[in-house]
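Each protein sequence line maps, in turn, to chains L and U. According to my numbering, the stretch in the first sequence is residues 1 to 229, in order. According to my numbering, the stretch in the second sequence is residues 1 to 166, in order.
Everything labelled a hint here was simulated from the structure, so no lab data went into it. Beta carbons: idealized from backbone N, C-alpha and C, even for Gly. Keep in mind that a hint or two might mislead.
[As the list claims (entries may be wrong)] Some chain U residues flagged as far from chain L (calculated, every beta-carbon gap over 10 Å):
(1) ARG48
(2) GLU50
(3) PRO112
(4) SER127
(5) GLU130
[Said to hold, decoys possible] Below, computed lysine-lysine pairings styled on DSSO-like, alpha-carbon distance capped at 30 Å:
(6) LYS191/L / LYS55/U
(7) LYS55/U / LYS38/U
(8) LYS191/L / LYS112/L
(9) LYS12/L / LYS55/U
(10) LYS108/L / LYS38/U
(11) LYS177/L / LYS199/L
(12) LYS27/L / LYS55/U
(13) LYS108/L / LYS191/L
(14) LYS119/L / LYS210/L
(15) LYS27/L / LYS38/U
(16) LYS139/U / LYS12/L
(17) LYS191/L / LYS109/U
(18) LYS27/L / LYS191/L
(19) LYS199/L / LYS108/L
(20) LYS109/U / LYS12/L
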Amino acid sequence: MNINLQGSAPLKQQIQQEIDQHRLSGKQFEQLMELQTRSASAQAPKLLEAKEKLTKPLIAIAACLFIALIATTIPFAPSRLSTDGETEITSNRPHSAVIKAISAEVVKNHLKLKPLDIKTQSIDEARRFFEHLEFSPIYSTQARQRFSLSDGFLLGGRYCSIQGTTAAQLRFETPDKQLNTLYEVSYDELKYGPIPSLKDGESAIELQVKGLSVRLWRERGLMMVLVSP
Amino acid sequence: MNFDQQQLNRLYQYAMTLSHQSADAYDLLQASLESYLKIDQSKNRIERPESYLRKLIRNRFIDQYRYDQRWDLSSFGEEVEFPAAIALSYKPLEELQVQRDQLERIWQKISPLDRDILYHWAVLGFSTQETSDLLDIPKGTLLSRVHRLRQQFKTAPEPHGDQHEY
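Whenever a hint applies, use it, and build me the whole structure from the sequences.
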């Protein structure tokens, strides 16, 4: 630190000078600007979603009239889900960029079928294995009740990450030899946005990615993501 | 809304005030900015983004350094008794004249909370009441700290003396 041998000055002024000498480097500034630019691109769909909500009543009326008109002229029009052109994600409703990113990430992991860190049919043993997580993986009653994923189908688990956060990946094999992957991660509303809680009577978010079904819900403070054929 | 260079520099300076290390300050700013950008702006309208981000930086700093006990939490949340003669404003600091090197030595030595208080007074121009409200510090604690800071600046040794002490 430089020693300034000039005379005394008011403390306030000296503090201002002390603080003001620190500046971001050009590279640091560029990194922060890039961070903001990337986020702005990701936020754009959300803003569009909010805008859509404002015009929803009008659109709903117009849609009803349109459907009534179509129904009278084309009796068997095929139903279609909305499609996201970039990631080939289809869904029954619009979703935020982060949900789409999570879905693409878990499906990619599911398809890779990396070796399991632990092979066990016991969820309790799997829970003991995941000691480096900031949460304890749970036996999902919702997965069992709603998606017929019995505890007895468990093959094992491995560590993975969802959007940079360490998560547990549990692999199941149903009697008809279908592989299902259940991801469990600590739920952070700020990071993931609102995720439905099935216990409260809400429906899971459902998307179709690369021919696989992705369901997201919240359970006992965790976000659960199930990938199944 | 994007933060411009001037705002980012101000926020970096605040992070630097708390952490006193340039690498830590940048990490603090970057991580806090990431958290800020994840907030769904279509649902949450933030009236004063710079002030909000400053708060994120502060919260993150406290979380990060709590384990190291570098944040003086013991006196942070409790009302502290102080002499009746103590000033009820920043006036004792306003009157002080110091040399630059004297400030630099004390600046390194005082706690992050004290630097935080001085930042809110000298840079943001807040009153003791505003600082107390914003930092969620009981007014008595704040005034007591201001009093102690004044004592430190007044009794600081001359630059040519025992510098090894620091």
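A quick look at each hint next to the structure:
1. ARG48: holds, 17 Å
2. GLU50: Nearest chain L Cβ is 13 Å from GLU50/U, so the label holds.
3. PRO112: holds, 13 Å
4. SER127: Label holds. Min Cβ-Cβ 13 Å, cutoff 10 Å.
5. GLU130: Per Cβ check, GLU130/U is outside 10 Å of chain L; nearest 16 Å; holds.
6. LYS191/L / LYS55/U: holds, 18 Å
7. LYS55/U / LYS38/U: holds, 15 Å
8. LYS191/L / LYS112/L: With a Cα-Cα distance of about 25 Å, the restraint between LYS191/L and LYS112/L holds, given a limit of 30 Å.
9. LYS12/L / LYS55/U: holds, 22 Å
10. LYS108/L / LYS38/U: holds, 23 Å
11. LYS177/L / LYS199/L: Distance ~29 Å between LYS177/L and LYS199/L Cα, so the pair holds.
12. LYS27/L / LYS55/U: Roughly 25 Å between the alpha carbons, so the hint for LYS27/L and LYS55/U holds.
13. LYS108/L / LYS191/L: holds, 20 Å
14. LYS119/L / LYS210/L: Answer holds: LYS119/L to LYS210/L is near 27 Å, not above 30 Å.
15. LYS27/L / LYS38/U: holds, 23 Å
16. LYS139/U / LYS12/L: The hint holds at about 21 Å.
17. LYS191/L / LYS109/U: violated, 37 Å
18. LYS27/L / LYS191/L: Answer holds: LYS27/L to LYS191/L is near 26 Å, not above 30 Å.
19. LYS199/L / LYS108/L: Holds - the C-alpha atoms of LYS108/L and LYS199/L are around 28 Å apart, at most 30 Å.
20. LYS109/U / LYS12/L: Judged against 30 Å, a Cα distance of about 17 Å means the pair holds.
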